[in-house]
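One-letter residues, chain by chain:
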Amino acid sequence: MGLFIIRRLTSAVLVMFAISVLVFLIFFATPGVDPAARIAGRSATPQIVAQIRHEFGLDRALPIRYGLMMDHLFIKQDLSSYVNIGDRVVPQIISAAPVTLSLVLGAAVIWLLVGVAGGVVAAANRGKFIDPLIMFFGIAAISVPAYWLGEVVNLITQSKLHSSIFSWVPSSGFVSLSANPGQWALHLLFPWLTLAALYAGIYARVLRAELVNALNEDYVRTARAKGLSERRILLRHALRCSLISIVSLFGLDFGALIGGAALLTEVVFGLPGVGQLTYTSLQNLDLPVIMGCVMYGAFFVVLANAVVDVLYAFLDPRVRLA
Amino acid sequence: MNRFYSMKWVRVLLATLVTGSLGLVAASSASASNTSLPYQSAHAGGTLKLMASTAGGTLDPQVNYTLQYWQLYQATYDGLVSFHKVAGAASFEVVPDLATALPKVTNGGKTYTFTLRKGIKFSNGKTVTVNDVLASFQRIFKVSNPNAGTWYSSIVGGAACVTTPATCKLTGGVVVNAATNKVTINLVAPDAEFLDQLAVPFGSILPASAPVKDAGTTPIPGTGAYEFSKYDPNHQLTMVRNPHFKVWSAAAQPQGYPNEIDMVFGSTVESEVTAVENGQGDWVFDPLPSDRLQQLSTKYANQLHVNSLTAIWYLPMNTNLAPFNNFMAREAVNYAINKTAAIALFGGSQLAQPACTILPPGFPGHVDFCYYQKGTGTTYGGPDIAKAKALVKKSGTFGQSVGIVVTNDSVNEAVGQYVQSVLNSIGYKATIKPLSANIQFNYIQNTKNKVQISLSQWYQDYPAASDFLKVLLSCQGFHPGSDNSINIAGYCNKAIDAKMNKAEALGLTNPTAANALWGQIDKQLMGTAAPWVPLFTPKQIDFVGKRVGNYQFSRQFYMYVDQLWVK
Amino acid sequence: MAGLAVFLLVVTICLLAPVYAHDIAHVNPFASNLQGTIVLHGKVVQLLQQNTQGLGLGVTPIGPTWNISHYFLGADNQGRDVFARLLYGGRSSLLIGAASALICCLAATILGLAAGYFGGPIDWVLSRIFDIIWAFPIYLLAISLSVVLLTSGLQIGFIHIGPGSLMLPILIIAAVFVPYVARPLRGIVLSLREREFIQAAIGSGASDYRILMKEILPNAAPTIIVFLPLMVAFNMLTESALSFLSIGVQPPAASWGTIINDGLGLLYTRPVVAIAPGLMIVVTAVALNILGDGARDAFDPKAKLRGSI
Chain A
16 MGLFIIRRLT
26 SAVLVMFAIS
36 VLVFLIFFAT
46 PGVDPAARIA
56 GRSATPQIVA
66 QIRHEFGLDR
76 ALPIRYGLMM
86 DHLFIKQDLS
96 SYVNIGDRVV
106 PQIISAAPVT
116 LSLVLGAAVI
126 WLLVGVAGGV
136 VAAANRGKFI
146 DPLIMFFGIA
156 AISVPAYWLG
166 EVVNLITQSK
176 LHSSIFSWVP
186 SSGFVSLSAN
196 PGQWALHLLF
206 PWLTLAALYA
216 GIYARVLRAE
226 LVNALNEDYV
236 RTARAKGLSE
246 RRILLRHALR
256 CSLISIVSLF
266 GLDFGALIGG
276 AALLTEVVFG
286 LPGVGQLTYT
296 SLQNLDLPVI
306 MGCVMYGAFF
316 VVLANAVVDV
326 LYAFLDPRVR
336 LA
Chain B
4 MNRFYSMKWV
14 RVLLATLVTG
24 SLGLVAASSA
34 SASNTSLPYQ
44 SAHAGGTLKL
54 MASTAGGTLD
64 PQVNYTLQYW
74 QLYQATYDGL
84 VSFHKVAGAA
94 SFEVVPDLAT
104 ALPKVTNGGK
114 TYTFTLRKGI
124 KFSNGKTVTV
134 NDVLASFQRI
144 FKVSNPNAGT
154 WYSSIVGGAA
164 CVTTPATCKL
174 TGGVVVNAAT
184 NKVTINLVAP
194 DAEFLDQLAV
204 PFGSILPASA
214 PVKDAGTTPI
224 PGTGAYEFSK
234 YDPNHQLTMV
244 RNPHFKVWSA
254 AAQPQGYPNE
264 IDMVFGSTVE
274 SEVTAVENGQ
284 GDWVFDPLPS
294 DRLQQLSTKY
304 ANQLHVNSLT
314 AIWYLPMNTN
324 LAPFNNFMAR
334 EAVNYAINKT
344 AAIALFGGSQ
354 LAQPACTILP
364 PGFPGHVDFC
374 YYQKGTGTTY
384 GGPDIAKAKA
394 LVKKSGTFGQ
404 SVGIVVTNDS
414 VNEAVGQYVQ
424 SVLNSIGYKA
434 TIKPLSANIQ
444 FNYIQNTKNK
454 VQISLSQWYQ
464 DYPAASDFLK
474 VLLSCQGFHP
484 GSDNSINIAG
494 YCNKAIDAKM
504 NKAEALGLTN
514 PTAANALWGQ
524 IDKQLMGTAA
534 PWVPLFTPKQ
544 IDFVGKRVGN
554 YQFSRQFYMY
564 VDQLWVK
Chain C
19 MAGLAVFLLV
29 VTICLLAPVY
39 AHDIAHVNPF
49 ASNLQGTIVL
59 HGKVVQLLQQ
69 NTQGLGLGVT
79 PIGPTWNISH
89 YFLGADNQGR
99 DVFARLLYGG
109 RSSLLIGAAS
119 ALICCLAATI
129 LGLAAGYFGG
139 PIDWVLSRIF
149 DIIWAFPIYL
159 LAISLSVVLL
169 TSGLQIGFIH
179 IGPGSLMLPI
189 LIIAAVFVPY
199 VARPLRGIVL
209 SLREREFIQA
219 AIGSGASDYR
229 ILMKEILPNA
239 APTIIVFLPL
249 MVAFNMLTES
259 ALSFLSIGVQ
269 PPAASWGTII
279 NDGLGLLYTR
289 PVVAIAPGLM
299 IVVTAVALNI
309 LGDGARDAFD
319 PKAKLRGSI
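The listed protein sequences correspond, in order, to chains A, B and C. Counting with the working numbering, you get residues 16 to 337 for the letters of the first sequence. Counting with the working numbering, you get residues 4 to 570 for the letters of the second sequence. Counting with the working numbering, you get residues 19 to 327 for the letters of the third sequence.
Since the hints were made in silico from the structure, they are not lab data. Idealized CB from N, CA, C, for every residue including glycine. Be aware that a few hints might be false.
Pair by pair, the computed Cβ-Cβ distance ranges are [unchecked claim]: (1) A:Asn231 <-> C:Gly138: 33 to 41 Å; (2) C:Gly137 <-> A:Ile259: 21 to 29 Å; (3) A:Leu40 <-> B:Asn328: 33 to 41 Å; (4) A:Leu40 <-> B:Thr301: 45 to 53 Å; (5) A:Leu250 <-> C:Leu34: 50 to 58 Å; (6) C:Glu212 <-> A:Thr237: 25 to 33 Å; (7) A:Ser191 <-> B:Thr301: 32 to 40 Å; (8) A:Arg246 <-> C:Ile42: 54 to 62 Å; (9) C:Leu34 <-> B:Val370: 51 to 59 Å; (10) A:Val136 <-> C:Met19: 23 to 31 Å; (11) C:Lys232 <-> A:Asn231: 27 to 35 Å; (12) B:Gly48 <-> A:Leu120: 34 to 42 Å; (13) A:Gly72 <-> B:Ser212: 20 to 28 Å; (14) B:Ile388 <-> C:His40: 18 to 26 Å.
Taking lysine to aspartate or glutamate and the EDC-like style, the derived pairs with C-alpha atoms no more than 20 Å apart in a straight line are [stated by the list, open to error]: (15) B:Lys216 <-> A:Glu70; (16) A:Lys143 <-> A:Glu245; (17) A:Lys143 <-> C:Asp311; (18) B:Lys549 <-> B:Asp289; (19) B:Lys505 <-> B:Glu196; (20) B:Lys107 <-> B:Asp194; (21) B:Lys453 <-> A:Asp49; (22) B:Lys216 <-> A:Asp74; (23) B:Lys233 <-> A:Asp93; (24) B:Lys302 <-> B:Asp545; (25) A:Lys143 <-> C:Asp315; (26) B:Lys570 <-> B:Glu263; (27) A:Lys91 <-> A:Glu70; (28) B:Lys233 <-> B:Asp265; (29) B:Lys451 <-> A:Asp49; (30) B:Lys542 <-> B:Asp289; (31) B:Lys233 <-> B:Glu263; (32) B:Lys107 <-> B:Glu196; (33) C:Lys232 <-> C:Glu212; (34) B:Lys216 <-> A:Asp93; (35) B:Lys397 <-> B:Asp387.
Among the chain C residues that face chain B by a calculated CB cut under 10 Å, a handful are [as the list claims (entries may be wrong)]: (36) Gln68; (37) Ile265; (38) Asp280.
Next up, chain A with everything else stripped away, as it sits in the complex:
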């Protein structure tokens, strides 16, 4: 087990390293992106561009520049933006993280509640009309592009009906929880619902499938033979086993979302989280910030994957050998 964990962590670090190299290379291969010329400004002379190139270490060999960037990012933690000079990357991410966390946590509560309830109700009523109905809603939720849904929600709440039934909806943006909990929730309500829709759909569908499988297992038959009620079997036995896959799924999704995968939702609703930071830095081709955001995002994805793998290995010894 210990060996497995070490192996898993080693490969996680390796993946992080490879991703950082990849990002670095992609952006230095992009045409028209000379950070020195951009920092220097419009009518800078070649000497001035050269000075800036030297000052920022942009005249060094690529591997050294990579090393310098990693040193500034992880060890000195003073890596700063090429666009907003002096604006450090690490504090930017730290200040964006709570926004993303607020968005994802709230959405997660909603999608878990809705998804689990939907899955259970559908499984309990299989064969009746409510099951395919729920499953259809699940499919519909999966099939809606999240950004489009967000724009439509904005259109309805901010424009078309803003003067009537949605007059209580604040203009988009973020209010921190510590500043005003009520406004915090109010500003995040529609982003939560929009983000949660997709995942609620997925979870309901996955859970229903798992439950239906579980209901055909031997131990359920045993329980039935013992005369337990169908409701009790579903909730006590089948659900408990099926939740394992939901939990591992949740681990992966949550990791990815915390890491910035909610980018489109954040952009559409103007939430200054990690996703939006990534988006802005990509628009500006601001390499240090992109690097910081990608490493931050990759960290959570890799971590979530590793944790889920280790948990699985813990539960199922066969995996350790694979």
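With chain A held as given, fit chains B and C onto it using these hints.
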């Protein structure tokens, strides 16, 4: 200057004053009258909330090159001289600021002598001395100011400072005398633009203790009515009253009205507009979304301010690359593009007017003429597609591929798509490359990127024809292989260059004749070379909150934020 | 079956786009028509209407005429027929979804089979590559690839793909989702490899190629077939998201995503331009998902595919 560089306003000041000889510069500016109203303390107080989608980069006034912050620097920093803080045409005049008067110009236009005002304090409480002035000039070079090599190297010792900034002394260039409070600046050659260059934020006088590198997000104390108290590019820039500020010249640095001015970053333009509509914000920095204009101009007409600009949107064509190295091909595009249609994409006829000339209407040297159109008059009468098609055939460029490079914001991309459609209709195979606004402006300048045609903008800095013609279409602005090659069309004609130099020289003695000559050059460029398709002259719209009063528009730096009333 | 029927209906309608544009609406959906006019209720009307109220700022394209023979859904800001573009856009969206799903499944099959069957260093290298793509935020990978490729095009040996080509989004999307299919396939192959009939085949000295093609592939095939429609739906959604970030299909070509993007600039005045293509995406994706469910029930009840868009 280019409107969309870094998604902010960037300006280049390469203008030549045409108002008279060097000796007259001071005289004509000194006659500027102060027409603004007396300070109305009843309106003082409150917090003004400005909204911008992104921050404008470094806060260092000697480094930042965006109008987003130049607009704010007017209230926080002062140079020896500055632009007159009034509405209207007078806002282009240079007035004394930290200096007691406009400088005495001697030595054939090479020596400027200023006397520093006494008793002015920085926001950190320290008194402004001549040593701060000297240090600020040295700092221009030490922080690698973008224009150190083009403008300020005209100071004696400046060239050496450009090559070795760390040891910059400007010995003999900037001479200060603490006893008499005099500052003497010696130039290597007469320079008609020098005062303007001192009046922009790059010429701000900062404490000698300011860091000798780009201060980035750390505010540097200044002498203006406000000081920057906090800057976080992802959230907010905060300006509060400078506790040590006392008015010494309302023309140069008037007292401001709000107690605090915040610029809030991070929301989308749409939500900024919604916020101002709902009274949660006071002003939108970003260009207004076109689908909101109709609603705004009917429901919020009294909160909108539309001002004419002397500027141009244009399509530079690469005169060194097929197919546009062929004059007939360039003529063809000029015939084919419908300027009125392009205006429809910009927001309609109230927001722009079609341009046929390089120099905008109302600009010195502007002559009404309009080649390449259906009609024969001097005003635009629509495109002539048949002629365009014939010219494409005749030029032998039919069927060639053309790439159009535009920025990826909605208006620019829409105009780009329209141009693509037109080029396809006259026989080219056009593709469009939308690039981030941050990189497009440099990308289209670099000949290595082989850009054939692009969409760009130029906003004037000073009412001087050379600011358009010489900057954008002379050999000196063309640097193959460099990201900084502002002559995007790559048009270099020695004969026209000579004519421009002649017009510039003539401007010092006979402005009227010089302007006539500039008009001829404009005609000659469009008639015999057509390196661009001029599209339209845009207007500026400012959308302010309901509670905001005292809107004043400077032609130099646009709306005066510090003069707005929120009470 | 309902899923299949709806999907085929959408495909058919979209395939008929040229017929509609040419013979019914008589419009060119790829040419700007800023000064164009149409006849509406007997009156000649500008396609782009200058606002005449208030300060007179703004230009608004004509709204839906609800007349199938011209500008059924109105015009976009270039004066183009939105309905015709919607049909053409469907062709691009479906093509990108289908082609990238095929390429992705093909690549994933090869890689997943190789990783699972050969094991050892091959498996290790491939698995790490999957890990990297998996952990790399999808949009970031797609955006970075698009930025590089859209400005310069792609040059692999003799094959040159121009910057505006549809192949770019297809390849980008295919590449990004390879691990989503390859990983479960690898798992299936791993467990198949332990099964007796495969061990027997290996023992009998059959070549690797033969075992892979004759024994393993037929057993993995149901999973791949189940993945395919889901992948098409999923890739279509990704394409629209990329086009929303204006890094997918390049103008004047249209896809549902690019039309939504065009429509966002008109959201307050002509919301239909953004809403209609979104609805088309939803309908198609629902149909494909139902189709995928059907395929799963028929072939492989245990297959699971998921991801996040």
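Status of the hints after comparison with the structure:
{"no.": "1", "hint": "A:Asn231 <-> C:Gly138: 33 to 41 Å", "in the structure": "holds, 37 Å"}
{"no.": "2", "hint": "C:Gly137 <-> A:Ile259: 21 to 29 Å", "in the structure": "holds, 27 Å"}
{"no.": "3", "hint": "A:Leu40 <-> B:Asn328: 33 to 41 Å", "in the structure": "holds, 35 Å"}
{"no.": "4", "hint": "A:Leu40 <-> B:Thr301: 45 to 53 Å", "in the structure": "holds, 52 Å"}
{"no.": "5", "hint": "A:Leu250 <-> C:Leu34: 50 to 58 Å", "in the structure": "holds, 51 Å"}
{"no.": "6", "hint": "C:Glu212 <-> A:Thr237: 25 to 33 Å", "in the structure": "holds, 29 Å"}
{"no.": "7", "hint": "A:Ser191 <-> B:Thr301: 32 to 40 Å", "in the structure": "holds, 36 Å"}
{"no.": "8", "hint": "A:Arg246 <-> C:Ile42: 54 to 62 Å", "in the structure": "holds, 57 Å"}
{"no.": "9", "hint": "C:Leu34 <-> B:Val370: 51 to 59 Å", "in the structure": "holds, 55 Å"}
{"no.": "10", "hint": "A:Val136 <-> C:Met19: 23 to 31 Å", "in the structure": "holds, 25 Å"}
{"no.": "11", "hint": "C:Lys232 <-> A:Asn231: 27 to 35 Å", "in the structure": "holds, 32 Å"}
{"no.": "12", "hint": "B:Gly48 <-> A:Leu120: 34 to 42 Å", "in the structure": "holds, 40 Å"}
{"no.": "13", "hint": "A:Gly72 <-> B:Ser212: 20 to 28 Å", "in the structure": "holds, 27 Å"}
{"no.": "14", "hint": "B:Ile388 <-> C:His40: 18 to 26 Å", "in the structure": "holds, 22 Å"}
{"no.": "15", "hint": "B:Lys216 <-> A:Glu70", "in the structure": "holds, 10 Å"}
{"no.": "16", "hint": "A:Lys143 <-> A:Glu245", "in the structure": "holds, 15 Å"}
{"no.": "17", "hint": "A:Lys143 <-> C:Asp311", "in the structure": "holds, 18 Å"}
{"no.": "18", "hint": "B:Lys549 <-> B:Asp289", "in the structure": "holds, 18 Å"}
{"no.": "19", "hint": "B:Lys505 <-> B:Glu196", "in the structure": "holds, 17 Å"}
{"no.": "20", "hint": "B:Lys107 <-> B:Asp194", "in the structure": "holds, 14 Å"}
{"no.": "21", "hint": "B:Lys453 <-> A:Asp49", "in the structure": "holds, 16 Å"}
{"no.": "22", "hint": "B:Lys216 <-> A:Asp74", "in the structure": "holds, 19 Å"}
{"no.": "23", "hint": "B:Lys233 <-> A:Asp93", "in the structure": "holds, 19 Å"}
{"no.": "24", "hint": "B:Lys302 <-> B:Asp545", "in the structure": "holds, 15 Å"}
{"no.": "25", "hint": "A:Lys143 <-> C:Asp315", "in the structure": "holds, 18 Å"}
{"no.": "26", "hint": "B:Lys570 <-> B:Glu263", "in the structure": "holds, 12 Å"}
{"no.": "27", "hint": "A:Lys91 <-> A:Glu70", "in the structure": "holds, 17 Å"}
{"no.": "28", "hint": "B:Lys233 <-> B:Asp265", "in the structure": "holds, 10 Å"}
{"no.": "29", "hint": "B:Lys451 <-> A:Asp49", "in the structure": "holds, 13 Å"}
{"no.": "30", "hint": "B:Lys542 <-> B:Asp289", "in the structure": "holds, 14 Å"}
{"no.": "31", "hint": "B:Lys233 <-> B:Glu263", "in the structure": "holds, 12 Å"}
{"no.": "32", "hint": "B:Lys107 <-> B:Glu196", "in the structure": "holds, 15 Å"}
{"no.": "33", "hint": "C:Lys232 <-> C:Glu212", "in the structure": "holds, 16 Å"}
{"no.": "34", "hint": "B:Lys216 <-> A:Asp93", "in the structure": "holds, 16 Å"}
{"no.": "35", "hint": "B:Lys397 <-> B:Asp387", "in the structure": "holds, 16 Å"}
{"no.": "36", "hint": "Gln68", "in the structure": "holds, 5 Å"}
{"no.": "37", "hint": "Ile265", "in the structure": "holds, 9 Å"}
{"no.": "38", "hint": "Asp280", "in the structure": "holds, 9 Å"}
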